[in-house]
Structures are given as structure tokens and as C-alpha cells.
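Visitor: Take 11 as the starting number for the sequence shown in my numbering and just add one per residue.
Rather than coming from a laboratory, the hints here were simulated on the basis of the structure. Fair warning: there could be bad hints in the mix.
[Said to hold, decoys possible] Here are the simulated DSSO-like cross-link-like pairs (lysine-lysine), alpha carbons at most 30 Å apart as the crow flies: (1) K92 <-> K61; (2) K12 <-> K86; (3) K67 <-> K93; (4) K58 <-> K93; (5) K92 <-> K62; (6) K58 <-> K35.
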Amino acid sequence: MKTVFVILHFLTDNDTIECIESLNKNIGDENFDIVIVDNFSNNGSLEKLMKKYNGNKRIYFIKASWNMGFAKGNNKGFDFAKKSLNADFIVLLNNDTVIEQNDFLGLVYEKYIKSSF
Numbered sequence: 011m012k013t014v015f016v017i018l019h020f021l022t023d024n025d026t027i028e029c030i031e032s033l034n035k036n037i038g039d040e041n042f043d044i045v046i047v048d049n050f051s052n053n054g055s056l057e058k059l060m061k062k063y064n065g066n067k068r069i070y071f072i073k074a075s076w077n078m079g080f081a082k083g084n085n086k087g088f089d090f091a092k093k094s095l096n097a098d099f100i101v102l103l104n105n106d107t108v109i110e111q112n113d114f115l116g117l118v119y120e121k122y123i124k125s126s127f
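Generate the whole structure from the sequences, applying the supplied hints.
Guide: Written as C-alpha cells, this is what we have:
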């Protein structure tokens with residue numbers, strides 16, 4: 011199963027980096043991608059992220075041409091994850107979220123098998 015984490019980014023690159031690093035550390039070699047949706051940051055933070063993760067084949071960037079707000083920004087990332095990356099599961103995260111469980115995806119898959127949530 012393929013999981014895509016969609017992270018809504020706005021202005022705070024340090025938070026977004028911490029979120030991405032927590033995924034890279036704790037999700038392991040699972041079949042996952044990360045989509046960063048920049049909600050029209052105008053402080054250079056998106057450029058910092060793009061430079062830091064340049065060449066990482068798991069990370070995709072979407073730059074909004076205006077601040078779409080929380081819901082529309084997430085919807086844009088969700089749509090890309092579903093239609094372009096063919097995700098089976100999509101996890102929407104604020105950029106200040108840190109995943110600390112190394113069995114996070116295993117738990118998600120287990121819950122899905124049991125309850126089809």
C-alpha cells in the first residue's frame with residue numbers, strides 16, 4: 011500500500027523540516043511520499059525547503075499562487091496525492107506535527123484492515 015503525507019507549509023521552514031525529518035526517521039523504508047503544499051509563503055522558506063530536499067525523490071512541492079487557507083491547501087495536496095501519486099492512504103499533517111511512532115503506518119494499516127475506516 012502506498013501512503014502519501016501531505017504537509018501544509020506556511021512561513022515556518024524549521025517546523026516543516028522537523029515534520030519531514032520525523033517522517034524520514036520513523037516511517038522507514040515503507041512505500042510513502044511527502045507532498046509539501048506551500049500556502050503562498052513570501053519569506054523564502056519554501057526556497058529553503060526546496061534547496062534542502064533537492065533530489066529527494068519522495069518529496070514533491072506544490073506552490074500556491076495565493077494563500078488558499080487551511081482546507082483548500084489540504085485539498086490541493088490531497089488531489090495531487092490521489093490523482094498524480096496514486097495514494098492508497100493520505101495523511102494530512104500540519105507542518106508543526108512530529109511523528110514519533112516508528113510503527114505509525116503499521117498501526118494505520120492494521121486499523122484499516124480491522125475496521126475499513
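Visitor: All the hints need checking, so say for each whether the structure fits it.
Guide: Right, here's what the structure says about each hint:
1. K92 <-> K61: holds (25 Å)
2. K12 <-> K86: Distance ~18 Å between K12 and K86 Cα, so the pair holds.
3. K67 <-> K93: Given pair K67, K93 holds - Cα atoms ~18 Å apart, limit 30 Å.
4. K58 <-> K93: Distance of about 27 Å is within 30 Å: holds.
5. K92 <-> K62: holds (25 Å)
6. K58 <-> K35: Holds - the C-alpha atoms of K35 and K58 are around 20 Å apart, at most 30 Å.
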